[in-house]
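Engineer: Chains as they are written, first to last, in my numbering: chain B, 1 to 152; chain H, 153 to 304; chain G, 305 to 456; chain S, 457 to 608; chain A, 609 to 760; chain F, 761 to 912; chain W, 913 to 1064; chain E, 1065 to 1216.
The set of hints was computed from the structure by calculation and includes no laboratory data.
For every residue, glycine included, the Cβ atom is placed at its ideal position computed from N, Cα and C.
Each hint should be verified, as a subset may be incorrect.
[Claimed, not checked] Cβ-Cβ distance ranges computed for the label pairs, FRET-style: (1) G/324 - S/518: 26 to 32 Å; (2) E/1188 - H/175: 37 to 43 Å; (3) S/502 - G/312: 42 to 48 Å.
[Said to hold, decoys possible] Reference listing, derived: stretches of chain G covered by chain H, where coverage requires no fewer than 3 residues with Cβ under 8 Å from a Cβ of chain H: (4) 310–319; (5) 441–453.
Protein chains: 8
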Amino acid sequence: MNPSKDMTWRIFLSGEIHSDWREQIAQRTEAAGLPVAFSSPITDHEASDNCGVDILGPEASGFWRDHKGAGINAIRTTTLIRRADVVVVRFGPDYRQWNAAFDAGYAAALGKALITLHGEDLDHALKEIDTTARATARTPEQVVQILAYVLS
Amino acid sequence: MNPSKDMTWRIFLSGEIHSDWREQIAQRTEAAGLPVAFSSPITDHEASDNCGVDILGPEASGFWRDHKGAGINAIRTTTLIRRADVVVVRFGPDYRQWNAAFDAGYAAALGKALITLHGEDLDHALKEIDTTARATARTPEQVVQILAYVLS
Amino acid sequence: MNPSKDMTWRIFLSGEIHSDWREQIAQRTEAAGLPVAFSSPITDHEASDNCGVDILGPEASGFWRDHKGAGINAIRTTTLIRRADVVVVRFGPDYRQWNAAFDAGYAAALGKALITLHGEDLDHALKEIDTTARATARTPEQVVQILAYVLS
Amino acid sequence: MNPSKDMTWRIFLSGEIHSDWREQIAQRTEAAGLPVAFSSPITDHEASDNCGVDILGPEASGFWRDHKGAGINAIRTTTLIRRADVVVVRFGPDYRQWNAAFDAGYAAALGKALITLHGEDLDHALKEIDTTARATARTPEQVVQILAYVLS
Amino acid sequence: MNPSKDMTWRIFLSGEIHSDWREQIAQRTEAAGLPVAFSSPITDHEASDNCGVDILGPEASGFWRDHKGAGINAIRTTTLIRRADVVVVRFGPDYRQWNAAFDAGYAAALGKALITLHGEDLDHALKEIDTTARATARTPEQVVQILAYVLS
Amino acid sequence: MNPSKDMTWRIFLSGEIHSDWREQIAQRTEAAGLPVAFSSPITDHEASDNCGVDILGPEASGFWRDHKGAGINAIRTTTLIRRADVVVVRFGPDYRQWNAAFDAGYAAALGKALITLHGEDLDHALKEIDTTARATARTPEQVVQILAYVLS
Amino acid sequence: MNPSKDMTWRIFLSGEIHSDWREQIAQRTEAAGLPVAFSSPITDHEASDNCGVDILGPEASGFWRDHKGAGINAIRTTTLIRRADVVVVRFGPDYRQWNAAFDAGYAAALGKALITLHGEDLDHALKEIDTTARATARTPEQVVQILAYVLS
Amino acid sequence: MNPSKDMTWRIFLSGEIHSDWREQIAQRTEAAGLPVAFSSPITDHEASDNCGVDILGPEASGFWRDHKGAGINAIRTTTLIRRADVVVVRFGPDYRQWNAAFDAGYAAALGKALITLHGEDLDHALKEIDTTARATARTPEQVVQILAYVLS
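Working from the sequences, and respecting the hints, build out all of it.
Structural biologist: The structure is reproduced here in structure tokens:
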């Protein structure tokens, strides 16, 4: 009984923005004909950092400059997580990525199905998030395979 | 990963009804091709005041005349806020506008993303609402820019 | 800002099944071109009473015969109330109509906008429900006018 | 594993106010030492009808007189139902008792355990409510026995 | 069946801070022996305005000074409203009082029982809030009478 | 007032995977032209057991092999139950089928309308689930008849 | 920072009723001085089976006899699960135990922390429930150790 | 109107475990006589890492060893966050601290009042969490001052 026939799955791709993992997932799921609608945070780092002051005017303090930008980005991310069926959270080797972990917690509290995507070197640091996730994938290809199976 | 491709954003435009700020936002977002569906309270002041007695019959007391009308208007506003993804609340220079502040509180408790729109002279009086909003815009154009960014 | 352009309003018409008030509302809203999708309980009294034993087999006791039928009817009514934006509850002059009052309470607890429809002779008996309703109409025409205004 | 040791069960007794069924239940559960805290709507019919105008001032129209009183009574009933673990709804032989059916629907939508209490002559008219209730009792004594068993 | 015996009612007193209406209500309910626990926003206007910069350090801009203070005040108000059974909102003759209207909307969306308290001159401006409230009182004494009745 | 005209009913078919009951229901509802969208867990037993290790790599321990597979299957089942209007749970004569009972509990807590489908020999063992279900059917044909009635 | 000082943990012990696992857990946690309040379904098998007809009168059919009893038992179990912080579900070697699996699903959908307790021979059959549980224990002693650690 | 008189505030202290910030907050609030009940995750790093295998038996793979421990820790943290009124999240200079960010997201989605505590060097990396927090403190003393003000 194929759920793909009757609904599009909304999948939010949270986390790391410095590699092309989202595009890999999107291309392969498209090639596989899966009925998925992906969304993500803004992945243009500079635009994401500057949107607050670019749109709403400059700030003397870095804290408030960040605050204004993060507020606008949160309009996008919280709305899309609330609408999502599945949230995939990718952690890369660099940077703090606390927004990714925040998204994971936000999604978990709302009862969304969570998939994490990261290398084994991060396993210990991500154990609290992985234990709540329904699956921990190592490669974008594995995420695609999970989706292909789940939607088959 | 463009969320615009896969969903229409439902945006409720609450508050001031004595200027054309809604039309400005609607025209510019349409010109920009953004996938948004705007809704609002009834903005015809006289119709809004009289709908209760016009439809359901006259009342001797002003309190109950208002009560009947406000009840009917609430069918519209609470339904549309519950369905909205984003709620924009505009405060103008005149009038009490308590219904706008009420809508903001109602939307906030439901977890909707909130944007306020008002002049700097109202900043102090609106601080409790602005601190819950994700962004405070000064012009309709800024609201459009926020939406264009969030939906890009 | 016309919400009719962007969404269909789902309206559940609960209560009295011995007059044509639903058809009156449906015909007039259709004539007015309102974007509404009406639903209702099963209004064929005999089918409604017998569905349990007709489908699932006979019962010796009247209590369980009713129980089986009411369970099946509840699949319909609770699902449709949960999906509705607005619930209209009609009380007529005859019968107990406790299911109508139950539907009103169920809808109220879920935050649905409630409209009651009944004659003035029932005002005192219905005061607890009317005080929670957003409007009390006296005629199907008034319900149509409320909808026409709310969706304008 | 006796839950009585560790919690008091909050039980709202809704419905008919013209017999002493609440007192019967209260006395017998007290005699049995059950850890229950009963609450109810105001059962003084005249006080309940007049509270609105007695406190907030007179109304020319019966509809609004009822409306004011019912609003105040709803402060009590909705708060107590929201806090209750179990809601018992009693239907007697007389009167419309639509508020009782409304309370039942309100409680059911909030996931409260529901017990109905009425004679067999009302079975058919109450089938929609009985099918949602966890038990249908015929006497206050049976309600006490249910509570004694559930809390044993 | 007296609910006062078994529970304390938590009542949040929102709104106007320039008269002693809260004290009047508290003294009279205490005199009447009602089992209520009142709470309120911080009613020291200057402390409320300055708490952000007093605790977390100065801000050059008035907007962010207000923002910091309003955030801290919101910790108190949203927590207390979420815990409240009843929310009383008082509107006085002066000031914008948008925070009071925001609190009313916030409480309404959470299903709290709402009581408004204001003069008749504000009826038209407050009609959207009054229509959602369970009662509109004119004096603190009336609020006390409502509570005395509801908890009797 | 036919709800079929305006909405597709989403029905999750949980439980036994060793007979063709899902296909029987699907074929007969299709023949009847009912507007339903069925979904189900993965019904290929071997694929369901192996999906975890097939996609995410081998496990030495049977417990974790099962854990990985069950996590992936849960992405599908919990998402589809959350989206469903009605959940049908079939219990067959063999196997433990604890996942079916788990799905029934999960659906019940979310307020979904529940239909059970099983032989009379399982009545006693399933009494806790049947008492929460809106109907207990004995054959796929009866499920189809219930749906045909509910959607008529 | 010891949470035991400030709150009692409410723990519902669901499932198998043919061994003394509940008593083992209760005695050891009591000996350890843990601030827990245990509750459970009625564990007297015969009383549980007969409560419906014993209290509410006989039934000719086994299905309705079970139905009446299960309804009364559900008043207890659903109330206690809703109030619980943690739900422990024990599966023994014998019987269908579908009510235990139903309780697990019910608790999971409400966001309760779930602990399963069973032998390794049941691992494969319970994989869907274990993957949602926060821990799978093999002995009552392990459950006690988990609680002692969690509350330390 | 002092809310301290009538309720204890439950405050969960999440995040960094390598300095004595929790003890500082606890001592100063105790000295100030504030009615707060603090809770926290297990702050013994080694116990936290090993609890899974210590209680439930060894694992060959590091991933599952972490998984078992993190599951048990989650029983504590999710229960305490759900019960909390306020969640304070501390980020220190070292380590990934993704569990702290996860807790923040989890608390935010549940509508808890959030306070962050960190140095300015982390401002940019924490902007998404700070924008959702009601206050960002730099020292434990500031957290105490916020609590003293909020509970005054």
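Engineer: Determine for every hint whether it applies to the structure shown.
Structural biologist: The hints, checked one at a time:
With their beta carbons about 29 Å apart, residue 324 of chain G and residue 518 of chain S fall inside the hinted range of 26 to 32 Å. The hint said 37 to 43 Å for the Cβ distance between residue 1188 of chain E and residue 175 of chain H, and at roughly 38 Å that hint holds. Range check, residue 502 of chain S to residue 312 of chain G: about 47 Å between beta-carbon atoms, so the 42 to 48 Å window is met. Counting residues of the segment 310–319 of chain G whose C-beta lies closer than 8 Å to any C-beta of chain H gives 3; at least three are required, and the coverage claim holds.
By the rule of at least three residues with a Cβ nearer than 8 Å to a Cβ of chain H, the coverage given for the segment 441–453 of chain G holds, with 6 such residues.
Checked against the numbered hints above, the structure violates none of them.
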